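As they're listed, the protein sequences go chains A and B. Just so you know, we're using our numbering here: the first sequence kicks off at 143 and counts up by one. Just so you know, we're using our numbering here: the second sequence kicks off at 125 and counts up by one.
Calculated directly from the structure, the hints in this document are not laboratory data. Since we're looking at a predicted model, the values are computed, not measured. Note that the Cβ used here is the ideal one computed from N, Cα and C, for glycine as well. Just so you know, not all the hints are guaranteed correct.
[As the list claims (entries may be wrong)] Pair ranges (Cβ atoms, derived): (1) V225(A) x I135(B): 31 to 37 Å; (2) G145(A) x S232(B): 22 to 28 Å; (3) P212(A) x S166(B): 26 to 32 Å.
[What the hints assert, rightly or not] Within a straight-line C-alpha distance of at most 27 Å, the following computed DSSO-like cross-link-like pairs (lysine-lysine) qualify: (4) K248(A) x K194(B); (5) K248(A) x K162(B); (6) K248(A) x K127(B); (7) K127(B) x K186(A).
[Claimed, not checked] Stretches of chain B that chain A covers, calculated by requiring three or more beta carbons in the stretch to come under 8 Å of a beta carbon on chain A: (8) 156–168; (9) 222–228.
Spelled out, the chains give:
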Amino acid sequence: NAGVMQNPRHLVRRRGQEARLRCSPMKGHSHVYWYRQLPEEGLKFMVYLQKENIIDESGMPKERFSAEFPKEGPSILRIQQVVRGDSAAYFCASSPRIGSGRTNEKLFFGSGTQLSVL
Amino acid sequence: AQKVTQAQTEISVVEKEDVTLDCVYETRDTTYYLFWYKQPPSGELVFLIRRNSFDEQNEISGRYSWNFQKSTSSFNFTITASQVVDSAVYFCALSEFSNQFYFGTGTSLTVIP
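Put together the whole structure using the sequences plus the hints.
What follows is the structure, given as structure tokens:
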């Protein structure tokens, strides 16, 4: 059973270009989270999605950033017109469908995408 | 306001010493879950433990143990007889009813041989 798959592992962009980060959750998982990790800042929540729905995007910058989790295919985190400050590690995590018991299952993390903006 | 506070930014210990990583959380929910994750130098976060708010029993798993105290809103993590392979960044996390997960800023542990 494959884990959470993120690609690319490393992404280099020049200022002003677009960055697209992909995340395939574990099989059977319908919840996806995106986090950004900056040195000495820990993991910062960005967005929480379920299939075809954005549940919570309170951590997403209002401009240039967007996320989707389509019915088919991976979740995409898209950063338009990247700036140097966007350089960071971006982690995706998934969890199973939450049943009526609401057990808040643990998050399974991918290996992350290291974005470098030149 | 920070929901999860890990006051220790960096800790260094000599191999075989015991070390405790602190975690303090803040929530108004009566049902919530606490987690610890390990991030080794390879970068991927590895799940260590999950506890719910109704289970205050301390847990031991090998050299790892966790002390959950609701009275002080703390969920501390102790590594006994530390080893070099324990060197990593450790994150404490809180999950509430909203199914949102909040992470602390992490504690970087270095075990010196």
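Here is how each hint holds up against the structure:
1. The supplied range of 31 to 37 Å is met by V225(A) and I135(B), whose beta-carbon atoms lie about 34 Å from each other.
2. Judged by the Cβ atoms, the range 22 to 28 Å given for G145(A) and S232(B) holds: they are separated by roughly 24 Å.
3. The beta-carbon spacing between P212(A) and S166(B), approximately 30 Å, falls within the hinted interval of 26 to 32 Å.
4. As the CA atoms of K248(A) and K194(B) are separated by approximately 20 Å, the hinted pair is consistent with the 27 Å bound.
5. Among the hinted pairs, K248(A) with K162(B) is consistent with the structure: their alpha-carbon atoms are about 13 Å apart, no more than 27 Å.
6. Taking the CA atoms of K248(A) and K127(B), the gap is about 18 Å. The hint holds against a cut of 27 Å.
7. In summary, the hint linking K127(B) to K186(A) is supported, as the alpha carbons are separated by about 12 Å, within the 27 Å threshold.
8. Counting residues of the region 156–168 of chain B whose CB falls under 8 Å from any CB of chain A gives 7; the rule of at least 3 is met.
9. With 7 residues carrying a beta carbon less than 8 Å from a beta carbon of chain A, the region 222–228 of chain B meets the three-residue requirement, and the given coverage holds.
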